[in-house]
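Please take these sequences and the hints and turn them into a complete structure.
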Amino acid sequence: MKISSRFRSAAVAVIAAAGVSLAGAAHADSGSIRFSVYKAAFFIGGSGGEGTLTFHGRRYPISIGGISGGLAFGASKTYFQGKVRNIRRARDVTGVYGAAGGGGALGRGAQVIVMTNDKGARLELTGRQVGLQVNADLSGMSIGLKR
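Residue numbers (the numbering used here): 132 to 278.
The set of hints was computed from the structure by calculation and includes no laboratory data.
This structure is a prediction, so every number in the text was calculated from the model and none was measured.
Take every hint as true, because none was put in to throw you off.
The calculated SDA-like cross-link candidates involving lysine to any residue, where the alpha carbons are at most 20 Å apart (straight line), are:
| id | residue 1 | residue 2 |
| --- | --- | --- |
| 1 | Lys277 | Tyr169 |
| 2 | Lys214 | Thr183 |
| 3 | Lys214 | Phe186 |
| 4 | Lys250 | Gly271 |
| 5 | Lys277 | Gly179 |
| 6 | Lys250 | Gly196 |
| 7 | Lys250 | Arg216 |
| 8 | Lys208 | Ser194 |
| 9 | Lys214 | Gly188 |
| 10 | Lys250 | Asp160 |
| 11 | Lys214 | Arg259 |
| 12 | Lys214 | Thr247 |
| 13 | Lys214 | Arg165 |
| 14 | Lys208 | Gly177 |
| 15 | Lys250 | Phe186 |
See the structure below:
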């Protein structure tokens, strides 16, 4: 059976594209991240903080900023730590992350959250919260590398 040259060319192009896609995913790496965030809210809230990304043995200082809206009130400080997955370089962690969630703390509390930015970086975080905070809201968090 003879295969037409057009079909063969198309098949080679599809296989090559799939190989490039798989190679890109295979080179993605992970790092660890830890940061603290102060949050205050009365329906509309704001947050800010700082921390460190550790990637390929190097430490990168990061800054955190955010806004939330919904049913939220109180003030708290949360200490987060966890993994950053699907990054190729440190700056891939920068960007805006969105989340919908709810929770609360009176004195002390715990949080678990998973978020992804537009570059595909995935944060898998656990945190401990101190303060008085009640929320059922939509929130956004921005991470930037400090220079």
